[in-house]
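S.K.: Chains as they are written, first to last, in numbering that gives the first Met the number 0: chain A, 0 to 342; chain B, 0 to 342; chain C, 0 to 342; chain D, 0 to 342.
Hints are not guaranteed to be accurate.
[Stated by the list, open to error] On the chain C side, residues computed to face chain D include the following (Cβ under 8 Å):
#  : residue
1  : 25
2  : 26
3  : 127
4  : 131
5  : 138
6  : 141
7  : 143
8  : 244
9  : 247
10 : 253
11 : 257
[Stated by the list, open to error] Taking lysine-lysine pairs in the DSS-like style, the calculated list, with each CA pair at most 30 Å apart, reads:
#  : chain 1 : residue 1 : chain 2 : residue 2
12 : B       : 23        : A       : 292
13 : D       : 259       : B       : 259
14 : C       : 262       : B       : 136
15 : C       : 136       : A       : 198
16 : B       : 80        : B       : 291
17 : B       : 198       : D       : 189
18 : A       : 141       : C       : 207
19 : C       : 291       : C       : 114
20 : C       : 272       : D       : 136
21 : C       : 198       : C       : 272
22 : D       : 136       : A       : 259
23 : C       : 189       : A       : 316
24 : B       : 141       : D       : 231
25 : C       : 198       : A       : 217
26 : B       : 338       : B       : 114
27 : A       : 106       : A       : 338
28 : C       : 189       : A       : 231
29 : D       : 217       : B       : 197
30 : B       : 231       : D       : 136
31 : B       : 259       : C       : 205
32 : B       : 205       : B       : 272
33 : B       : 117       : A       : 23
34 : A       : 198       : C       : 217
35 : C       : 198       : B       : 262
36 : D       : 136       : A       : 262
37 : D       : 272       : A       : 262
38 : D       : 262       : A       : 136
39 : B       : 18        : A       : 272
40 : C       : 136       : C       : 189
Bear in mind the hints are in silico, worked out from the structure with no lab data behind them. Even glycine gets a Cβ: it sits at the ideal position worked out from N, Cα and C.
There are 4 protein chains.
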Amino acid sequence: MTLNIGVIGTGAIGREHIKRITNKLSGGKIVAVTDVNEEAAKQVVRQYELDAVVYPDDKSLVTAGNVDAVLVTSWGPAHEKNVLNAIEAGKFVFCEKPLSTTAEGSKRIVEAESKYGKRLVQVGFMRRYDGGYVQLKEAIDKNEIGEPLMVRCVHRNPDVDENYTTDMAVVDTLIHEIDVLHWLINDDYKSVQVLYPKKSSRAHAKLKDPQIIILETKSGIIINAEVFVNCKYGYDIQCEVIGEEGVAYLPEPASVVTRKAGKLNTNILIDWKERFSDAYDVELQDFIDSIKKTGEPSGPTSWDGYIASVTSDACVKAQRTGQKEPVNLEEKPAFYNRKITVQ
Amino acid sequence: MTLNIGVIGTGAIGREHIKRITNKLSGGKIVAVTDVNEEAAKQVVRQYELDAVVYPDDKSLVTAGNVDAVLVTSWGPAHEKNVLNAIEAGKFVFCEKPLSTTAEGSKRIVEAESKYGKRLVQVGFMRRYDGGYVQLKEAIDKNEIGEPLMVRCVHRNPDVDENYTTDMAVVDTLIHEIDVLHWLINDDYKSVQVLYPKKSSRAHAKLKDPQIIILETKSGIIINAEVFVNCKYGYDIQCEVIGEEGVAYLPEPASVVTRKAGKLNTNILIDWKERFSDAYDVELQDFIDSIKKTGEPSGPTSWDGYIASVTSDACVKAQRTGQKEPVNLEEKPAFYNRKITVQ
Amino acid sequence: MTLNIGVIGTGAIGREHIKRITNKLSGGKIVAVTDVNEEAAKQVVRQYELDAVVYPDDKSLVTAGNVDAVLVTSWGPAHEKNVLNAIEAGKFVFCEKPLSTTAEGSKRIVEAESKYGKRLVQVGFMRRYDGGYVQLKEAIDKNEIGEPLMVRCVHRNPDVDENYTTDMAVVDTLIHEIDVLHWLINDDYKSVQVLYPKKSSRAHAKLKDPQIIILETKSGIIINAEVFVNCKYGYDIQCEVIGEEGVAYLPEPASVVTRKAGKLNTNILIDWKERFSDAYDVELQDFIDSIKKTGEPSGPTSWDGYIASVTSDACVKAQRTGQKEPVNLEEKPAFYNRKITVQ
Amino acid sequence: MTLNIGVIGTGAIGREHIKRITNKLSGGKIVAVTDVNEEAAKQVVRQYELDAVVYPDDKSLVTAGNVDAVLVTSWGPAHEKNVLNAIEAGKFVFCEKPLSTTAEGSKRIVEAESKYGKRLVQVGFMRRYDGGYVQLKEAIDKNEIGEPLMVRCVHRNPDVDENYTTDMAVVDTLIHEIDVLHWLINDDYKSVQVLYPKKSSRAHAKLKDPQIIILETKSGIIINAEVFVNCKYGYDIQCEVIGEEGVAYLPEPASVVTRKAGKLNTNILIDWKERFSDAYDVELQDFIDSIKKTGEPSGPTSWDGYIASVTSDACVKAQRTGQKEPVNLEEKPAFYNRKITVQ
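Based on the provided sequences and hints, a complete structural model is requested.
M.R.: Structure follows, in C-alpha cells:
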C-alpha cells in the first residue's frame, strides 16, 4: 500500500519534502500539488517527474479522491485553514510549523480533530526525530541522570538578514526548542522571562540579538535558552539537561577530526539545513509508516502545536514587557492522552 | 521508473536488504527471491508482504524477464557463479563481499564484465558510503593534511565464537579495511606483514587475537591495521591518516554525553550492525539511483573486488609465513578507469 | 633574599599554605605562627619542623621585627582586623577570602591601604592563577572571540553537610566566580537576580539547591551562573564566554581517557582540593616573587576584595527578595589603577 | 636541611635547572657550577645571583666538601665520566639523558653504583613525572584495562634542522619512549624492527622521516612507536595502551576550547619545552625530597639508563639492517630490585 500525498505549497520546504518522498523515502507518493503560483506547482511536477495532478486551489486538492494525506507547506497564515479543511475531509495532514499563527487558531484545530475522533494531524517539529535528541530523551527516560532540575540550551545561527526581527527569535527560532523541550522533560511550561544581553554589533537596528529566554515548568524546572542568530561562527544547537544524579547533553554533529597548524579541530556546521536533514527524513518516513501501521500519525500532535502557539505568544509578550509572563494552557483534552497502537 | 530486483539468498543479510529496499529506500522493488531453502524464501515473501515470485534456483531468477538487477546475498562460495550468471544475462548485480572466494574467481568476473563492455557489478563494501569515511576522504582529496604518509586503523569487536579462526581476521574482518583504505588514499598495495602481539586470554585456542597487519602501498605509505575481535569493550572502528601537513581521523559515532558518578562519558557501540546501518542504506540507494541516472552502478567495482581478493590472499599467506609477502595485482584494465556519467 | 612570613591561623588552609611554602615553593620562609589555639600552632611548628616562633596573639606576630609578610588564614570574622593591623605595621599581607565579612570592612581596608600609599594586600582568589582561566583570559584579551556578550558558568560540588545554608551558595561558593569573572571580562557588576529551579531531593531542608544567579555588568554582559552543591557526580567548574565572533571555554581538567565496557570515559574530579591545587602554588609563589621584584604584590587587591564583598551582599539580598538588586560600588580609587612595575 | 647542588654544564638545560632549583623549587641550593667555558659558568652565577663557587673542572666540583649532589648537564660524551666521579666520591648525581653514550659505559656505571652499595644516581627521564603518564600507569596498575597486549605511541615534532640525522630519531627522540614504556607496562624489551614509510618532503636529505619502530617485549606485548620530527602541525606526544579489558590513553594537554569560524578548536603545543615543563619541576623536586627523606633518589636508576642504552643501540642497528634485531640485556642486578624506604 502506498500513501498518496497532496502538497499545498511548492516553495523551498515543499520542494524539499517532495524530493524526499519521491527519491529517498519509501511508501509515499506525491499525487497532487497546488500553489498560489500555479506555474510553480507545474514546474515542480516537471522537475521531479511526478505523476501528480496540479490543483487550482487548496480545497480541491484536499478533497481529491485519491489524496490520502495532505502536506501543508504553504505560508504560515494559510496553515490553519488548510489543516481544518483536511480534518473536515477526514484526511491525514502533516503541517509544517506553525500549526497556526495564533493560539486561538491552534485551539480550533485541536477541537476539530478531537471532535473528528481520530488523530489526523502531525506538526512538523522534526527535532524529536533527531538521533541526538532521541538518545537524550532515552537517557532521561531511563533515569540515567535522575530527576531533571534545569535545562540549558543554545540556538545559534551565523547571521540573519534585515527581515529578521526581534520577535522572530521566538516565532521562527525558539519555537523548535519550545516543542522539543517539553517533550524531552515531559512537563508543561508555567512562565517565561526574556533578558537582553549586550547587543552584538553584527545585529541590525531592528533586532535585539542575542536573547536569553528563561522558561519555568509546572514542576519547577528552569530552562535557560539562548537565541543568538548573528553568532557568526556557525549553526550550533546545544541542549544540556541537569538532573539530580548527573547531566546529559546532545552530541556534537559527527565531524572528521584534524590536527593541523597547531589546532585540534572538528567542524561546526554553517548551514542549518544540514543539521536536521536526517531528522526530516525520519520524520516523514514515520508519518507514512505510522499511518500505514496504526491508522494514525504518531508524531507531534495538534495539542503540541497548540502548546507551541500559546508558549510562543507568552514569550513574545515577555520580550515586550521585560516581565515574567504566565503560559496559560487550557486543560489537555483526554483525546491526546490516547496511546496509538498498531491496528 | 522502478528498478526491479531479484534476491539470491534470504539469510540474515538478504532479509535486511529486502526490508531496506521495501520499507525505507526509494525506487527499487523486490520482484523475485530464491534461496537454497525454498521455504525460507517463501517465508520472507509473506513476512514483508512482497509482490515477488519465488524462484526454484539462482539461474531462473537471474534470467527472469522482469528482473533488472540481482542482489547476491547467498553464501560466499556461490557468489562467483551468481555474478557470472548475471553478467551473462546482462543484468546489474549487487554482490555482498566477497566477490569471489578466490582471486582467480574475481579475475574471471573482471574479465567477463570487461568483455560485456558495460559496468554491471557493484561489490557490497559499504564503508565508502559511511559519513565519516566520506568526510575523511574529502579532507584528504582537498589536500587538507597534505600527502598521506601513514595510516593507522583499528577494527575491534567485543567477542567472537569458536568458529572464528585466525584467517577470518583477514577474510571476514580486515577485508573492509582492505577495500576502504586503497580507495581512501588512492593507492595500491605492494606488500603485507602480520605481527602477533601477546594473545588475549579471551581468545579461544584456534584464534590468534589480536593481530597487527602492516600493509605497504606502491608509493610507500605504511598502513598499520589492528584487528582485535575479543576486545570486550565494544565495536570500535578507527582510522587515522597521517599526512605531511596534518592528521585526519574518523569521528566517533555521535553519542549522548553524560557527566555521572565521577565520569564524563560517551557510549561506544557494542553491536556492529548499528555502526554502518546508515551506510547500508546509502549504498543501496546509490546502487538504485546510479543505475537509473547513468545506466551503470557507480560504487565499488569488480576490480575493487579483485583487489580485495588478491590482498586478502597475501594477508593470509603472511599470517602463516610470518614474512613480508608481496601483493601481486594484474595490470588494471582500462575499462575500470572509465568515468561513469549521467546518460 | 628570603621573604619571612608569619601565619595567623593554623587550621586546614593555614597548614596547607605552610606546607606549600616550606616544602614546595621557593623564596619564602615561615618564621612565625599564631593561632587562637596555641597548642595547635605549636604542633604545626613541630610537624613541619619549622624554624618559627609561636606568638601568643595576632598583633604581636604582625609587629614582630623579622616578619616581612603576614598570611591571614584565621576565621573570616578576624580577617579585617588582621589585615588592618598588617597595613598599620607596613607589612605585606596575603588574606584568604573573604577580605572582610562586610562591605564596610572591606572599604576600611581599601581606605587604609590607599592612605598608606603602597600596595600591601593580596586577597586569596586563586582562580586567577589557574592555567585554564589564564588561557581563557588570554583568548579574550587577544580578541579571539570578539567582544564578550554573555558568560555562562557552573560551580558544582558533589554534596554538602547540614551546616551549608542557602546564603553560603553565594558567600562560600559563588564568591570565586564573583572575583574571577569581572577580572576575566574586565567589567563591573551592575545588578543581580537569583532564580531557584526545582530543588534537588538531595538538598537538606535549610538549603535551596541548585540556584541560578544572573549578574549583569555595566556594559550589559549577562552572566548566568549555576551553583549546585549537591550535584552528586563530581566537583565541576565550567566557564564559557560567548563573544561577537566566537565562544571560548575552560578546558576540562586533564584526565586519562579510557575505552571500557561500552563507554569512552574521562574522569571528573570529586574532591575540590585537587581542582585548584596548582593554582594555590602559583598564587603564593607569585605573591613572594612579586614582592621581591617590585616591592608590591601583584595579585587580587583590596579593591577586588571590596568588589567581592559588595557583590556578594547584593546576591544574598537578591536570594531573599527574588528581585533584581543593584550592585552599588563606590568610585574606584585611582590608587588601584597604578601599574606595578619592577623596581 | 638544604641539599647543596653542584652543576656540571651551564648550557641551556643546565641553566633551566639552575633557575628551577633557585626560584621555583624548595630544599635545594646551587652552591657550585662549572663549565668547559668558565666565563659562561661565571655569567650564570651573576645572572641568577647564586651564592655559588665556580670550579675550574668537573672533578674539583664533584669532590668539593659542601657539594651533596651533582647535576650533570654537560654534553653527552662527558656524562659517564661525571657520573663515575660522583659515585667514587659518594655523591648523589642527577644525570640528564643519556646516562652514557654507549651500553658499555652505562654498564660500568651500574657496576660502580652496585659496588658502592647505595643508590646515588638518577637519570633525567622526566616523563615518569608527567601527570598524564602517572595517571596512565595508575590505570594500568589498578588493572582498569586488564593485561596490556599492545601499545601505540606517537612522538611528533614540527620540524628539525639539518643536523638532525636518521639515528637521532632513536637516540634523541625515541629514547624517552624507550624509558617510559618499559616502566609503564612493567616489562623488558626483546626485539626491535624499524619501518620507513613514505618520506615527508619536508625532511632533509640525510633524514628518513617519519619512522615506525616496532618493539616487542619479553611477555609478547607489541609496541608501535611513530617518530615524525617534521610533522609540521605541532609537538604531539600520544600513548595508548590496549589491554584485554579496555584501552587507556594519555590525555591531551589542557587547552582553552573555542568555537570560531566554523571550527571547534583546542590548541596543540608547538614548543616541546612547554609539554613537560611541569614534569621537570616534579622530577627535580622529587630528587631533592627523596634524598632527604630516604637517603637515596627514587627516580629512574642507572639500570634504567643501561636499558635505554642497550635498547637504543638495538634500534639504531635495526634502522640500518631493516631486520628484527634482539635487545640483549644482562641479568638485572638484585641491587636494583631493592625498594627505597624512608629512613
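S.K.: Below or equal to 30 Å on CA atoms is what counts here, so check residue 259 of chain D against residue 259 of chain B.
M.R.: holds (29 Å)
S.K.: Is the hinted pair residue 23 of chain B and residue 292 of chain A satisfied, with a Cα-Cα distance of at most 30 Å?
M.R.: Between residue 23 of chain B and residue 292 of chain A the Cα gap is close to 14 Å, so the pair holds against 30 Å.
S.K.: Given the hinted pair residue 272 of chain D and residue 262 of chain A, is their Cα-Cα distance within 30 Å?
M.R.: holds (18 Å)
S.K.: Run the distance test for residue 136 of chain D versus residue 259 of chain A: straight-line Cα separation, threshold 30 Å.
M.R.: holds (29 Å)
S.K.: Should the hint that residue 26 of chain C touches chain D count as held when the rule is a Cβ pair under 8 Å?
M.R.: At about 7 Å, which falls below the 8 Å cut-off, the nearest Cβ of chain D leaves the hint on residue 26 of chain C intact, so it holds.
S.K.: Given the hinted pair residue 18 of chain B and residue 272 of chain A, is their alpha-carbon gap at most 30 Å?
M.R.: With Cα atoms ~28 Å apart, residue 18 of chain B and residue 272 of chain A stay inside 30 Å; holds.
S.K.: Are residue 338 of chain B and residue 114 of chain B close enough, with their CA atoms no more than 30 Å apart?
M.R.: holds (17 Å)
S.K.: At a threshold of 8 Å, is the proposed contact between residue 247 of chain C and chain D supported by beta-carbon distances?
M.R.: holds (5 Å)
S.K.: Have a go at the residue 143 of chain C hint: is there a Cβ in chain D nearer than 8 Å to its own Cβ?
M.R.: holds (6 Å)
S.K.: Do the alpha carbons of residue 189 of chain C and residue 316 of chain A lie within 30 Å of each other, as the hint requires?
M.R.: Holds - the C-alpha atoms of residue 316 of chain A and residue 189 of chain C are around 25 Å apart, at most 30 Å.
S.K.: Are the Cα atoms of residue 141 of chain B and residue 231 of chain D separated by 30 Å or less?
M.R.: holds (18 Å)
S.K.: A closest beta-carbon separation below 8 Å is what the hint needs, so does residue 257 of chain C meet it against chain D?
M.R.: Holds: closest Cβ of chain D sits about 5 Å from residue 257 of chain C, inside 8 Å.
Violated hints, in rising order: 3 and 6; the structure is consistent with all others.
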